[in-house]
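> Input sequences plus hints: build the corresponding full structure.
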Amino acid sequence: MDVMNIVMAGVWFAVLGLVLGLALAVASKIFAVKVDERVEQITECLPGANCGGCGYSGCAALAQAVVDGKAAPSACNAADDETVEKISAIMGIKAGERVRMRAQVMCSGTHKHALKKYEYEGALDCIAAARLGGGDKLCPNGCIGLGTCADVCKFDAIQVKDGVAAVDYRKCVGCGVCVSSCPKNVIRLIPFDAEHWVGCASHDKGPVVRKYCDVGCIGCKLCEKNCEAGAITVDGFVASIDYTKCNGCDKCVEVCPRKIIWSATAQDGGLIIERNAK
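Oh and the sequence shown: position 136 is 1287 in the working numbering, straight run, nothing missing.
Please note that a few of the clues may not be correct.
With a cut-off of at most 27 Å between alpha-carbon atoms, the simulated DSSO-like pairs for lysine-lysine come out as follows [stated by the list, open to error]:
id : residue 1 : residue 2
1  : Lys1372   : Lys1356
2  : Lys1410   : Lys1268
3  : Lys1267   : Lys1221
4  : Lys1372   : Lys1402
5  : Lys1267   : Lys1410
6  : Lys1312   : Lys1263
7  : Lys1356   : Lys1402
8  : Lys1305   : Lys1237
9  : Lys1362   : Lys1312
10 : Lys1322   : Lys1312
11 : Lys1410   : Lys1263
12 : Lys1268   : Lys1356
13 : Lys1362   : Lys1268
14 : Lys1372   : Lys1362
15 : Lys1356   : Lys1263
16 : Lys1356   : Lys1410
17 : Lys1410   : Lys1376
18 : Lys1312   : Lys1410
19 : Lys1267   : Lys1245
20 : Lys1362   : Lys1410
21 : Lys1372   : Lys1396
22 : Lys1362   : Lys1376
23 : Lys1245   : Lys1221
24 : Lys1372   : Lys1410
25 : Lys1221   : Lys1305
26 : Lys1376   : Lys1402
27 : Lys1267   : Lys1362
28 : Lys1376   : Lys1237
29 : Lys1376   : Lys1356
30 : Lys1305   : Lys1322
31 : Lys1237   : Lys1221
32 : Lys1267   : Lys1356
33 : Lys1263   : Lys1372
34 : Lys1362   : Lys1263
35 : Lys1312   : Lys1268
36 : Lys1396   : Lys1410
Because the hints were derived from the structure by calculation, they are not lab data.
Written out as structure tokens, the structure is:
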């Protein structure tokens, strides 16, 4: 009798499992969420770095946003022109004009040129250091130089050299993750082919800048006055370049008394930028 009870219990469990399995199979058909095949196609086109530079959690999320019309086919900064064209073709639209970008560190305050207010011995993280009085440098806008940007770069395009981050253009795809990771906001995205940039982000007046950095922008406006293209202006005591106007004439580089307006062609072939002021 006990054996029959065990056998019957096993049979009932088998029948119950079969019924529940069939019910789940039917439910999966009825309540199935249709996935647009274009999402998978676009995901396959994307680099797959899942860097987050586009503002989405990963490549699959961006692909879904493109299909939903919430992001443009060119939203991935790490994608090349061919990839953008493929994604546009999948979506059945024309690829728009796209400007390739690169990251640029707007700071020249290496250990040799920027004064410090204390010796930092904490975690090797710029965000952590920034919580201690804004970092060890006296300049409130200087690169902290602990490499948080290098740590988050999925393309190994950033190194820290002499206390300042430097970008390797050969590897940089302009994803922008380093920009959002910098607590000092000294990393900017500029056109990849840009000839010049200003190696300072300080907004203090000249006399103040001179007290903590011997290469910081002093807002003298010599660059602005000598730029015939009107591409460089001084606003908030720091120079900035309008890349839609810059013609690469080098005049601003020549007249800058602090030698912080850089020319890409003068720096290691325009590949790795570092501070080499005399």
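> Straight-line Cα separation of Lys1356 and Lys1410 no greater than 27 Å?
Roughly 17 Å separates the two Cα atoms, so the pair holds.
> Run the distance test for Lys1362 versus Lys1312: straight-line Cα separation, threshold 27 Å.
This hinted pair holds, its Cα atoms lying about 23 Å apart.
> Need the status of pair Lys1356, Lys1263: alpha-carbon distance at most 27 Å?
With a Cα-Cα distance of about 21 Å, the restraint between Lys1356 and Lys1263 holds, given a limit of 27 Å.
> CA of Lys1267 to CA of Lys1221, is that 27 Å or under?
violated (45 Å)
> For a C-alpha distance cap of 27 Å, please report whether Lys1362 and Lys1263 respect it.
Roughly 14 Å separates the two Cα atoms, so the pair holds.
> Do the alpha carbons of Lys1312 and Lys1263 lie within 27 Å of each other, as the hint requires?
Satisfied, since the Cα-Cα distance of roughly 12 Å is no more than 27 Å.
> Regarding the pair Lys1376 and Lys1402, is the alpha-carbon distance no greater than 27 Å?
holds (10 Å)
> Does Lys1376 sit within 27 Å of Lys1362, going by the straight-line distance between their CA atoms?
holds (25 Å)
> Are the Cα atoms of Lys1305 and Lys1322 separated by 27 Å or less?
Given that 27 Å is the threshold and the Cα spacing comes to 10 Å, the pair holds.
> Given the hinted pair Lys1410 and Lys1268, is their alpha-carbon gap at most 27 Å?
The given pair, whose Cα atoms are some 24 Å apart, holds under the 27 Å limit.
> Regarding the pair Lys1372 and Lys1396, is the alpha-carbon distance no greater than 27 Å?
Given pair Lys1372, Lys1396 holds - Cα atoms ~17 Å apart, limit 27 Å.
> Mind checking the alpha carbons of Lys1396 and Lys1410 for me, to see if they're no more than 27 Å apart?
holds (21 Å)
Against the hints set out earlier in the document, violations occur for numbers 3, 19 and 28.
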